[in-house]
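Kindly produce the complete structure, drawing on both the sequences and the hints.
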Amino acid sequence: MDQVSWLKRRKPGIKDAKRREMPDGLWRKCEGCGEIIYHKELERNLWTCNKCGYHFRISADQYRDILTDQGSFVELLTALESKDPLGFVDSKSYAERISDAKKKTGRRSAVMTGSARVDGHLAMFAILDFRFLGGSMGSVMGEKIARLTRMAIEERIPLVTLSSSGGARMQEGILSLMQMAKTSAMLAKLHEERLPHIAIQVHPTTGGVTASFASLGDVIVAEPGALIGFAGPRVIQQTIKQDLPDGFQRSEFLLKHGMIDMIVHRKELKSALAKLLDFFSDDNRDSAEDALGQARRQGL
Amino acid sequence: MAGWLEFEKPLLELESRIDELRSFADGQNIDVAKELSRLEVKAEDLRRQIYGKLTRWQVTQIARHPRRPYTFDYLRMLGIDFVELHGDRRFGDDGALIGGLGFFGGRKVVIIGHQKGRDTKENILRNFGSAHPEGYRKALRLMRMAAKFGRPIISFVDTPGAWPGIGAEERGQAEAIARNLHEMSRLPVPIVVVIIGEGGSGGALGIGVGDRVLMLEYSVYSVITPEGCASILFRDAARAAEAAEAMKITARDLQEFAVIDEIIPEPGGGAHRDPERTARHLGEAIERHLTELEELSPAELVRGRLERFMSMGEYKEG
Chain A
1 MDQVSWLKRR KPGIKDAKRR EMPDGLWRKC EGCGEIIYHK ELERNLWTCN KCGYHFRISA
61 DQYRDILTDQ GSFVELLTAL ESKDPLGFVD SKSYAERISD AKKKTGRRSA VMTGSARVDG
121 HLAMFAILDF RFLGGSMGSV MGEKIARLTR MAIEERIPLV TLSSSGGARM QEGILSLMQM
181 AKTSAMLAKL HEERLPHIAI QVHPTTGGVT ASFASLGDVI VAEPGALIGF AGPRVIQQTI
241 KQDLPDGFQR SEFLLKHGMI DMIVHRKELK SALAKLLDFF SDDNRDSAED ALGQARRQGL
Chain B
1 MAGWLEFEKP LLELESRIDE LRSFADGQNI DVAKELSRLE VKAEDLRRQI YGKLTRWQVT
61 QIARHPRRPY TFDYLRMLGI DFVELHGDRR FGDDGALIGG LGFFGGRKVV IIGHQKGRDT
121 KENILRNFGS AHPEGYRKAL RLMRMAAKFG RPIISFVDTP GAWPGIGAEE RGQAEAIARN
181 LHEMSRLPVP IVVVIIGEGG SGGALGIGVG DRVLMLEYSV YSVITPEGCA SILFRDAARA
241 AEAAEAMKIT ARDLQEFAVI DEIIPEPGGG AHRDPERTAR HLGEAIERHL TELEELSPAE
301 LVRGRLERFM SMGEYKEG
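Chains as they are written, first to last, in the numbering used here: chain A, 1 to 300; chain B, 1 to 318.
The hints are simulated quantities; they were obtained by calculation from the structure and are not laboratory data.
Predicted, not measured: the structure shown is a model, and the values here were computed from it.
Beta carbons: idealized from backbone N, C-alpha and C, even for Gly.
Be careful, since some hints might not be right.
As the list claims (entries may be wrong) - Straight line, CA to CA, 25 Å or less: simulated BS3-like cross-link-like pairs of lysine-lysine:
1. A:270 to A:256
2. A:83 to B:316
3. A:241 to B:121
4. A:267 to A:29
5. B:316 to A:92
6. B:316 to A:102
7. B:316 to A:103
As the list claims (entries may be wrong) - Some chain B residues flagged as far from chain A (calculated, every beta-carbon gap over 10 Å):
8. 17
9. 18
10. 21
11. 47
12. 49
13. 50
14. 61
15. 100
16. 118
17. 120
18. 144
19. 229
20. 269
21. 283
22. 305
23. 316
So, in structure tokens, the structure goes:
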């Protein structure tokens, strides 16, 4: 689809299909404090525990509903699907894992990409879905994020990524590693064009996703208590053969060590995002345009 | 025969018998030419047999061979006058990732590379070639210097992976690698990357974003180590050989995926069996690629590099 036609497609009042991924039953136990929480209350609290603040893991669709203005989300790049370049088989074939993940999530890939408004501010969104093979990055995720970033550049719209991933997708071998370079390279171009990238990290964000686009935000925001790191804690423990300190690799640990800008409760996430988008939205468009013109003249 | 691989042993035994016979004959003035040539033929057959059909796991073992030449060995064999520069100006100096200024033939280049150790003392200094964030940040500092002064960059990759440790996480291992991918993609100077041994995941890619990526014939490059993949997907690290097969990690595999540009030939059995010859091939390839890249303007380099990585990946559409 060309850029003009998807912009035109963004009509107000398009109803997003609401898919709620909740287990049957009216009550759920908090994984943080053990509190039994009534389903309706959990939903009202955006799947966080009122008592201990524990953030339940939720789907990409739920994040879309929480973060974006109702009816404003237009999904883009939906046609991309995984291939099986290695013919990879472990206890199950990769092809089978993909088809299971599709059935489970109703999505074709582990990332939902689109444009949406946040309190009126237009942004491009890439929202990872941990339910789809652990939010792992293969060729499709890399391509979707890189193309979405390129659209953000062409339309001069900010980019928001929300990450939740186990890292690169091993079943696609070296091609999945290369997606780290692909996404980071396109983000470097976004950076040169002086467009903002807000990176949101939620539980868990590790491996090749953390070591590429998720760490390349102008501002990095995390949900409380999220596990964020390069190596997983089990790998570190096996390597150094020591106990890991309390709170290691949690959002609060990263904040303390200067790796993220802020920790924001899920209930405040939309307003924090709107504020950031507002700050970066362009009263300084002129200087950005100058830089853009200059870059284009140089043919970059 | 310490430091040799299990599957190499029959050949090494035969080769040492040939050497013994030769030196024995020299002293005794006995004609053993016939016997010698018979054994030589046998050795050649054995060589073809062993190295002609290596499994991907055996290639991995050659890539990790304790006698394999490392970055400093190649700098010496290539006759590079090397001035090592230290430190990331943030936290420390990383012995696992070295860098500096090189006079290479008629060229002035910036060199970065992983460095492994040969003995316990060296391995402590080099951390088995596993860099911390300060290594990646030192490399970035030097690469920015290359950009500032218009010098090409040569990057030697040889690491099991970036170090997974407490300090590494505290200081932002993921951010350090991500930053390098981001910055390297826009540097306005030629970048030639050579995988000389192990290309271990993000730790390799962290200095691996280049205009040309070359691999020595018996090196490997993978998204995760075979042991790591086996432990996660096969629930057993001992099944590394299967994981190596499944992930397709050899130079030939990567050339098929168009992830690398050229395979640099090694002598039968690996670089350690004739390091000088390997270095000659390596030096010739690097010079050839640099010469080609030097024809391009900075804008063409940067555009080409972005296109290179944008083209990687396999998916269905529609």
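These are the hints, each one checked on the structure:
1. A:270 to A:256: 23 Å, holds
2. A:83 to B:316: Cα-Cα ~6 Å, so holds.
3. A:241 to B:121: 20 Å, holds
4. A:267 to A:29: 20 Å, holds
5. B:316 to A:92: Given pair residue 316 of chain B, residue 92 of chain A holds - Cα atoms ~21 Å apart, limit 25 Å.
6. B:316 to A:102: 15 Å, holds
7. B:316 to A:103: 18 Å, holds
8. 17: 41 Å, holds
9. 18: Since the minimum Cβ distance to chain A is about 40 Å, residue 18 of chain B lies beyond 10 Å and the statement holds.
10. 21: 45 Å, holds
11. 47: 29 Å, holds
12. 49: Check passes; 28 Å lies beyond 10 Å.
13. 50: Answer for residue 50 of chain B: holds, closest chain A Cβ roughly 26 Å.
14. 61: 19 Å, holds
15. 100: Holds, since 24 Å exceeds 10 Å.
16. 118: Residue 118 of chain B clear of chain A: closest Cβ-Cβ about 21 Å, beyond 10 Å.
17. 120: Since the minimum Cβ distance to chain A is about 17 Å, residue 120 of chain B lies beyond 10 Å and the statement holds.
18. 144: 14 Å, holds
19. 229: 5 Å, violated
20. 269: About 25 Å separates residue 269 of chain B from the closest Cβ of chain A, which puts it past 10 Å; holds.
21. 283: Holds, since 26 Å exceeds 10 Å.
22. 305: 7 Å, violated
23. 316: Nearest chain A Cβ is 4 Å from residue 316 of chain B, so the label is violated.
Figure legend: structure checked against the earlier numbered hints; hints not met, in rising order: 19, 22 and 23.
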